[in-house]
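Residue numbers (this note's numbering), protein chains in the order written: chain A, 444 to 834; chain B, 444 to 834.
Because the hints were derived from the structure by calculation, they are not lab data. By construction, the Cβ of each residue, glycine as well, lies at the ideal position given by its N, Cα and C atoms. Misleading hints may appear alongside valid ones.
As the list claims (entries may be wrong) - Simulated restraints, written as ranges between beta carbons of each label pair:
hint	chain 1	residue 1	chain 2	residue 2	range
1	A	Glu-807	B	Lys-642	42 to 50 Å
2	A	Ala-565	B	Glu-817	34 to 42 Å
3	B	Glu-491	A	Lys-741	19 to 27 Å
4	A	Ala-565	B	Asn-681	39 to 47 Å
5	A	Gly-518	B	Arg-494	53 to 61 Å
6	B	Lys-600	A	Gly-518	53 to 61 Å
7	B	Asn-681	A	Glu-491	29 to 37 Å
8	A	Gly-661	B	Lys-829	50 to 58 Å
9	B	Ser-738	A	Glu-491	29 to 37 Å
10	A	Glu-715	B	Asn-683	55 to 63 Å
11	A	Ser-639	B	Glu-631	17 to 25 Å
2 protein chains.
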Amino acid sequence: MAIDYKKELEAAARSMILVHEPDTLIRMIVRMIAHKLKVTHAGILLYEKSRQSYVLTVSRGIAGFKIPKGFARMGLDNPLISFFREHLDKKIFHDGALAYVDVKKAAQKKNLNPKTRKLLKALLYQMEIYSSEVCIPSYFRDDLLGLLLLGEKKNGKKFHQDELNFFVALAHDVAMAIRNAQLFKDLELELEKERSLFKHTTIALAAAIDAKDHYTQGHTSRVNNICMEIAKRLSLKNKNIFNQNLMEHLDTASLLHDIGKIGIPENILNKEGALDENEMKFMQQHPLIGATILSPIKELAPAILGVKYHHEKYDGTGYPEGLKADQIPLVASIISVADTFDAITTNRPYRKGLSREEAIEEIEKASGTQFDPEIAQAFIELYREKYLPTA
Amino acid sequence: MAIDYKKELEAAARSMILVHEPDTLIRMIVRMIAHKLKVTHAGILLYEKSRQSYVLTVSRGIAGFKIPKGFARMGLDNPLISFFREHLDKKIFHDGALAYVDVKKAAQKKNLNPKTRKLLKALLYQMEIYSSEVCIPSYFRDDLLGLLLLGEKKNGKKFHQDELNFFVALAHDVAMAIRNAQLFKDLELELEKERSLFKHTTIALAAAIDAKDHYTQGHTSRVNNICMEIAKRLSLKNKNIFNQNLMEHLDTASLLHDIGKIGIPENILNKEGALDENEMKFMQQHPLIGATILSPIKELAPAILGVKYHHEKYDGTGYPEGLKADQIPLVASIISVADTFDAITTNRPYRKGLSREEAIEEIEKASGTQFDPEIAQAFIELYREKYLPTA
Numbered sequence: 444m445a446i447d448y449k450k451e452l453e454a455a456a457r458s459m460i461l462v463h464e465p466d467t468l469i470r471m472i473v474r475m476i477a478h479k480l481k482v483t484h485a486g487i488l489l490y491e492k493s494r495q496s497y498v499l500t501v502s503r504g505i506a507g508f509k510i511p512k513g514f515a516r517m518g519l520d521n522p523l524i525s526f527f528r529e530h531l532d533k534k535i536f537h538d539g540a541l542a543y544v545d546v547k548k549a550a551q552k553k554n555l556n557p558k559t560r561k562l563l564k565a566l567l568y569q570m571e572i573y574s575s576e577v578c579i580p581s582y583f584r585d586d587l588l589g590l591l592l593l594g595e596k597k598n599g600k601k602f603h604q605d606e607l608n609f610f611v612a613l614a615h616d617v618a619m620a621i622r623n624a625q626l627f628k629d630l631e632l633e634l635e636k637e638r639s640l641f642k643h644t645t646i647a648l649a650a651a652i653d654a655k656d657h658y659t660q661g662h663t664s665r666v667n668n669i670c671m672e673i674a675k676r677l678s679l680k681n682k683n684i685f686n687q688n689l690m691e692h693l694d695t696a697s698l699l700h701d702i703g704k705i706g707i708p709e710n711i712l713n714k715e716g717a718l719d720e721n722e723m724k725f726m727q728q729h730p731l732i733g734a735t736i737l738s739p740i741k742e743l744a745p746a747i748l749g750v751k752y753h754h755e756k757y758d759g760t761g762y763p764e765g766l767k768a769d770q771i772p773l774v775a776s777i778i779s780v781a782d783t784f785d786a787i788t789t790n791r792p793y794r795k796g797l798s799r800e801e802a803i804e805e806i807e808k809a810s811g812t813q814f815d816p817e818i819a820q821a822f823i824e825l826y827r828e829k830y831l832p833t834a
Numbered sequence: 444m445a446i447d448y449k450k451e452l453e454a455a456a457r458s459m460i461l462v463h464e465p466d467t468l469i470r471m472i473v474r475m476i477a478h479k480l481k482v483t484h485a486g487i488l489l490y491e492k493s494r495q496s497y498v499l500t501v502s503r504g505i506a507g508f509k510i511p512k513g514f515a516r517m518g519l520d521n522p523l524i525s526f527f528r529e530h531l532d533k534k535i536f537h538d539g540a541l542a543y544v545d546v547k548k549a550a551q552k553k554n555l556n557p558k559t560r561k562l563l564k565a566l567l568y569q570m571e572i573y574s575s576e577v578c579i580p581s582y583f584r585d586d587l588l589g590l591l592l593l594g595e596k597k598n599g600k601k602f603h604q605d606e607l608n609f610f611v612a613l614a615h616d617v618a619m620a621i622r623n624a625q626l627f628k629d630l631e632l633e634l635e636k637e638r639s640l641f642k643h644t645t646i647a648l649a650a651a652i653d654a655k656d657h658y659t660q661g662h663t664s665r666v667n668n669i670c671m672e673i674a675k676r677l678s679l680k681n682k683n684i685f686n687q688n689l690m691e692h693l694d695t696a697s698l699l700h701d702i703g704k705i706g707i708p709e710n711i712l713n714k715e716g717a718l719d720e721n722e723m724k725f726m727q728q729h730p731l732i733g734a735t736i737l738s739p740i741k742e743l744a745p746a747i748l749g750v751k752y753h754h755e756k757y758d759g760t761g762y763p764e765g766l767k768a769d770q771i772p773l774v775a776s777i778i779s780v781a782d783t784f785d786a787i788t789t790n791r792p793y794r795k796g797l798s799r800e801e802a803i804e805e806i807e808k809a810s811g812t813q814f815d816p817e818i819a820q821a822f823i824e825l826y827r828e829k830y831l832p833t834a
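With the rest of the complex left out, here is chain A (with noise of 0.2 Å):
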């Protein structure tokens, strides 16, 4: 047996543990290895706990000897399957690469009890319709995770005791690979449903206090469409201005900012006409109720920012505290545009809304006053070319 094969499909066993795409892994593997060993085909069946059954996942080979995916597949009571589930392999031959001649011979001696002859006949069958010259299993504990299928060589030569040895070896790199690469990929789902969970908890939140203010229905998802768009016009103006995590944290605070309103009171929240100077000063407590709200969530710090300062100006003229310029964070500065562009268009009962381009013409005009003008300027970029989400 040629060293240079088994030294590549060693080295490449290696480096698979950081594959971490359990499908990938796998289709890497069989291709690796049907073009190494030169076989008319090669297969892994894995094992699928939804199906209860071994799956044929991957399969490669020359016309003919290429078993359409997903089409086979072996029950537990398949007598392959429960061969080495059972481990009856150590009972009959001496390692666990089963192959086809040995068991023909096995098969064939005189003696032999009727179960065994029986299993041994089972056993054939089933790597005849699988076209199986050997059968290598892959466990990982005792567990077995998958069954690789290897067709005769293309030259005719028959598999050596030795190759037989080292792809039992191989097989259980593999299996701690695959296993590897299973637990990463569980782990990751776990992580994007956790991301998704909070993210629509913050978004039911949202529409719930949009539903407490009469006058802001739908006011929260439009100004956190506006704000992820600017923040991505900035992106592409300067790379270095937003981070995953600062985008993530614009996406919370766009859809929080107006979380405070749970804590005006309803008459003031909900007056028809304009506000008295007492019902203002009420008013403009919302956003320090918001950050109040949110600030045991230590995780959400820079989003918090967002929601506190929403309602400084560019000019130090805000509240709540008179921030001026580079004072106000970048979150917030992006919330006060979109925020205002919102309210600004949205009918009230006490005064119909602005057109779109009305409302573009007033924030322009007021760009460098209550506006960061670089962010204004992005805005109203997004408006003259179309980007501005409608809805």
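Since chain A is already given, all that's left is putting chain B on it; use the hints.
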């Protein structure tokens, strides 16, 4: 070189893939190496990004040779580090493992350019400080992940070239395993962060709802605590009643059970005195409103049932649907007991709260009519055995 320790080390290195705790993994490796190789000491220096240096993470060896963990570190300007980081080894020696004897021999050559001689002398000095006979780099792609330092063999013999070659291959496996473990750890930390973010957001939200309803300060966190205690108690009696997943849903549902109050007008929510029939009807909308607010969050489906049905009664006289006995989801039945207990023990403007003892009697009386008897029983046991949270 004995083949047996090679095989053992190789097998061990392969099994490392599934050790996903980097520290454990590294400790395992060094212990294994020191043990199998019978060297006076073995240590691993690993790169720490935050410290911009290679820190001695594990060290094993006989007294006098063992370097205290964390004590030693090499900066990026350390000759040994820069030697491997800049891949100078390939220029001077034939492969990656550096043996003290080879460096010494090279340094004594005539006609050496002064820069190289200086470098070699610096390397020798470093290896003497760490009493290292051999120094093996561990790369991931082109990055130097760490250095394995080996002392002398206890039997006084030299390391052979084929041993050094083997160490280099081993160091590659180790680097892959460490990298894999680190990626796993990163993912786990990320998941932990997301979970805590969701939990903290739910708590903050619940607190905001509590603040809205003037009479229920701290209500939500008390109900949450009692629910979790009841669940633990029920689990003691019947292991299969809760899995981790349902436990998390109970946690979420008990925190959010009153979120629907966000939709109840303030004059009803905070009315001083009993509610009239119409107001009561309005108030009784809160479980449905809560379920509606949360309904877009598909991941929370089982928790939403808890929110929706926490005012159902065991005998079918509750609201919103008049569900009976086993029709009421377990999560809702648990919240019902905890919620009632907290409500009747809290002072209201129009009535003083019951004492805990009186409240327990009420719960006992209503077992089988208002409450699921099993849950009421578990709750009463908690109280009798002083397991009930008092805050």
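Structure-based check of all given hints:
1. A:Glu-807 - B:Lys-642: 42 to 50 Å: holds (44 Å)
2. A:Ala-565 - B:Glu-817: 34 to 42 Å: violated (51 Å)
3. B:Glu-491 - A:Lys-741: 19 to 27 Å: holds (25 Å)
4. A:Ala-565 - B:Asn-681: 39 to 47 Å: holds (43 Å)
5. A:Gly-518 - B:Arg-494: 53 to 61 Å: holds (55 Å)
6. B:Lys-600 - A:Gly-518: 53 to 61 Å: holds (57 Å)
7. B:Asn-681 - A:Glu-491: 29 to 37 Å: holds (31 Å)
8. A:Gly-661 - B:Lys-829: 50 to 58 Å: holds (51 Å)
9. B:Ser-738 - A:Glu-491: 29 to 37 Å: holds (32 Å)
10. A:Glu-715 - B:Asn-683: 55 to 63 Å: Since Glu-715 (chain A) and Asn-683 (chain B) have Cβ atoms about 57 Å apart, the given range 55 to 63 Å holds.
11. A:Ser-639 - B:Glu-631: 17 to 25 Å: holds (18 Å)
In summary, the one numbered hint that this structure violates is 2.
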